[in-house]
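The hints should help you fit chains B and C onto chain A, whose structure is shown.
Chains as they are written, first to last, in our numbering: chain A, -3 to 442; chain B, -3 to 442; chain C, -3 to 442.
Among the hints, a few may not be true.
Because identical chains share one entry, a pair is satisfied inside a single copy or across any pair of copies.
Simulated pairs of lysine-lysine, DSS-like, Cα-Cα distance not exceeding 30 Å [as the list claims (entries may be wrong)]:
| no. | residue 1 | residue 2 |
| --- | --- | --- |
| 1 | 316 | 394 |
| 2 | 279 | 418 |
| 3 | 289 | 117 |
Just so you know, the hints here were simulated from the structure itself, not pulled from any lab data.
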Amino acid sequence: MRYRLKLIALPIVALLAVSAGFVYVHWSKGGTGAGLYSRHWSPDPVQGYWDPENFYQSTEIVEGIFEAELCVQCHEGITPGIVADWRASRHALNIDPVSCNDCHGSDHQQLRLPTPEVCGKCHGKQHGEFQDEARYGFPSHVLAMERALDAPHFADKPKAEVQSCVQCHSVATKCDSCHTRHRFDAAEARRPEACVTCHSGPPHPDDETYFASAHGQLYRAEGSDWDWSKPLIKGNYKAPTCAYCHMDGGRHQVAHKSLWKFGLREINPHTSKNQVLRKRWIKLCSDCHEESKAAQWLTDLDQERKQAWKKLYKAEAVLKDLRSEELLRPAADERPPYPMGSLWQRERIGFFEGQASAFYNVSAIERDYFEMWYFENLGAYKSAAHGSMAGIKSGHDKMAASLDRIETKAKELRNLFEAEQKGEIAPAPSELWMKGAYTDYNRDHN
Amino acid sequence: MRYRLKLIALPIVALLAVSAGFVYVHWSKGGTGAGLYSRHWSPDPVQGYWDPENFYQSTEIVEGIFEAELCVQCHEGITPGIVADWRASRHALNIDPVSCNDCHGSDHQQLRLPTPEVCGKCHGKQHGEFQDEARYGFPSHVLAMERALDAPHFADKPKAEVQSCVQCHSVATKCDSCHTRHRFDAAEARRPEACVTCHSGPPHPDDETYFASAHGQLYRAEGSDWDWSKPLIKGNYKAPTCAYCHMDGGRHQVAHKSLWKFGLREINPHTSKNQVLRKRWIKLCSDCHEESKAAQWLTDLDQERKQAWKKLYKAEAVLKDLRSEELLRPAADERPPYPMGSLWQRERIGFFEGQASAFYNVSAIERDYFEMWYFENLGAYKSAAHGSMAGIKSGHDKMAASLDRIETKAKELRNLFEAEQKGEIAPAPSELWMKGAYTDYNRDHN
Amino acid sequence: MRYRLKLIALPIVALLAVSAGFVYVHWSKGGTGAGLYSRHWSPDPVQGYWDPENFYQSTEIVEGIFEAELCVQCHEGITPGIVADWRASRHALNIDPVSCNDCHGSDHQQLRLPTPEVCGKCHGKQHGEFQDEARYGFPSHVLAMERALDAPHFADKPKAEVQSCVQCHSVATKCDSCHTRHRFDAAEARRPEACVTCHSGPPHPDDETYFASAHGQLYRAEGSDWDWSKPLIKGNYKAPTCAYCHMDGGRHQVAHKSLWKFGLREINPHTSKNQVLRKRWIKLCSDCHEESKAAQWLTDLDQERKQAWKKLYKAEAVLKDLRSEELLRPAADERPPYPMGSLWQRERIGFFEGQASAFYNVSAIERDYFEMWYFENLGAYKSAAHGSMAGIKSGHDKMAASLDRIETKAKELRNLFEAEQKGEIAPAPSELWMKGAYTDYNRDHN
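Same shape as in the complex, but just chain A:
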């Protein structure tokens, strides 16, 4: 039955999508953008550095075909820093060195920025593991750029702001997010700084929560004396870092042990699949701790999650009631539409309905819930997972305050509606909402 429904639904969805003009567009150098909403944005030049495969264009200021020695000779004067980095790298020190033109090409008018595929030619294991993460879906590194471009708010917001998201999402489309050029050092990428350049702030305060933990403080105090050339295995490090736990043994597949879907949705800790993931964590933690202690920590984390989801579900229920009573103002059809919004506008509440895209152009109470779920809940989760005690407390304090606020606002909305019904107050005119902060000058900047 279910399968038959799909058989029917798929062509209908496709038909609607095509008729509405939303077709996944292959990326092209120059010209329009990329992804589902490619018609709605055009790439900024900087996109060439973040997504070189699709958008990089060589600057063409020098003409000629050059081999390694000549590159180095000239760039020694122009950009000595990167030459020095390369000289200190394994690429240069190899018996058969990996030289400038091996990665960038030789024709200076056609230089390329290396994509993951270029690096993968030699580093096949790492590249394969990185690609393999796609099967866990999003969030994952490998899907980071694609999913950003497929989000309606990518095309709907001023480029100047969206770029603040995309720079980090470029982790999918180039390797130097973690292995900075031109040393490309594994030792560097093992340190937490390689990760927290992106993994900080809401909704993923990995930086703040790790460094607030005993693990993080040990790193802060003593990390500069550790031998970072050692692989990430048992006995080599006094305290774990991002990579030690999430990329244990050097595995380039970060979602491999993801138990709670990063706090984004409730999971059932009693499934056999969950037990498999759990055992991976316990094995890892017992590099230093008793197995039983590791298991208890995970149970404590389950408990924290249970409390968090109780609060979230209460808030979500309030919003869904308001929606069914048509009390959300502005309603979806009174809001500035997303590019995809013209077909079917609907208030989307909660993870499964896709609220991840509902950053903008929603009513105040929906935004409150969004922040509760996406910022406060994830902050509490990361705190519990990484061992930031103050973060757990403040996260749950904030969630309790948000729940209160949402309940108060819901009551006000009902009172307002009642007053409107009695004719005491005139309803706010719809067009009011159509002129939100993001509405007037968006499209022409994308």
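This is chains B and C only, laid out in the frame that chain A set:
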């Protein structure tokens, strides 16, 4: 007269306490919790690690009696990191080494986690000083666990959240909060990271305020090159750290110079007792600075405190007026009771009435004052004490904003009451408040 | 025409200023304060350390004339740390050492704290460049103290709070803000910690935004291994620091490349002057990056600024409308006056009208705009300039929320006014506002 009052009051209090069922319960392994509210909570397994004397139970996975060499031989493979740490420690390098079984025992089915008493057998001076701090009352390290367990909100909140408090409060019941296992290095504990793992975030932003200071920034820039094996005395360090000032000379008695009671209450800077404490600070600061400058800094701090308490007292007066006019909503008897609440519920406003416990289940305006006093005031204080200029400014800005908010809310409460009196508005039903965010699912999780 | 207006305006302004009693007062040791509002404050003793030229008085505890060896001999015991620092300094290691009395004088009753002029005797180039920055106006290091003392709120706020501003502003009046005593190491001042002691928090989150960038994280991870004795030029450092970019080549003139006036006001990126500054940046960035990439980053920053100013101008327009309709409550003449306020009180909205001083005693909606402009906008700017992706996003999110709040409050103010006109509500009594949090106890503390 006063003494006779005590003679009468004590048995009455005892009688009331017993009849209400609140008797201080001796702690027991397994079974119920500990402290005044032991009946209301049961220990989570992780409590065994935070309070080993009372709750740790050996995991019993291995049978047998082992001496040091055998322990090391086996754990070299299982947990090589902690073995490496121990090998690098003074415990191992001693002529007469302190081995695994000296601290943990030999019977693997009866292993213990070392308590402060175990460490104190050799480190009697440090342990004695640590214990001695009790005479300064709370806040102090040695009373941290006991006083947490004696706080009503310990039993009243979901365990998952309370644990975020207790993990740090375990500084009272084990030594590895500062001297991490298994190197137990004095050098490590001298560095600020040993402290700020706990001392960060509201209400004790020691981390943020120290690192915002010139002292802290000097440590950040150059601390990794300092010789941390040197004792904490004059001439050994270019800039002071937490321990240099608060544990000068290695003294394990942190409250020894506490001038302003950590900002929690107003003190009189002109008492002779205060002058004694003040001289201790000036002596310490003059390890590097002119005495007269040190004295001036302390006077500046007095001034900052005076401004802070002016703001706090204004806010407190607003609240006490509201209480005497019975305008606080919900009133104490309309709130979900604390475990101790059944006997005598009363709005507690300000430090001396015990507001430290009033985190939850209070009215909005009481919570505002609590946050002003406990978070914003203490943030301003720590900023002034540690030298974070931006923190003083933002702390006082926040306090001014809170005072405004409290005055506005008080006005609204009076208007609301008037409207209720005139019959314009029906009073909110009491039961509304009994279903707060923390009320429904607390007890069964404790 | 314009010039003639000036000819007329200048003497009028002077006449008004003199008749109102505000004349720039020369600073004097002891006695009254300094600057335009010198009559309204008296210096705290600590001011002697922050502005030694004008306020330092030797402590006079020791009598006698001493040369270098005797100074060191005695201070070796009293303050060994600073002696050790000096011994390790270039001052001591010079063939012709710079000794204690060279900077402090020899008469212990008349010791001086060295001013920039004292340091400038040997370090003429650096001192000259530092002084030269004055031609760029404020913000600049060299004018930091003077302009603080010329701000009305300096005299209007409790000293205890104002000092949190002045400590950093003392960068103008002594050199050890960056080169800490007594090593006075260039290497130390090259590290970001030398700067972020002051440059952190709103309104100048340089600390937070730099360390959130890839540049900052590289420094965090590896900076302790870099050779900081090297000058700040191409090829010497793997990642740039504050000083590398803003004081390139060691230039003590930080505003030399200031493109966007630190985000404080909108600039026109198309002027020839701006193109000159832009080329300085591109030249600097191309020490490591492609020129074309550097130029694109600057264009991206222009775009971010454009979005920011659109939001700011919208908010400013709302406030100016309210002002022209006389709907701001409290109005300027209902507020506690600034010292300069007696002559001409007026709501000052926006940068050009001088809102930088409007921290206090303004209406809620004016304060909202002030925070939007001074904290959120500058936070977004610094994030964009320093490469903190999360900061751009959160800055613009906050600005959008502020704009919403301002629009909502404006509507409420209009409704309130209408209700007052209809006689439904009595206007708030003016004296209410005259008792703000800062009004009652200011003057006697200054």
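Query - Unmet hints by their number, sorted upward, for this structure - result: As far as the earlier hints go, only 2 is violated by this structure.
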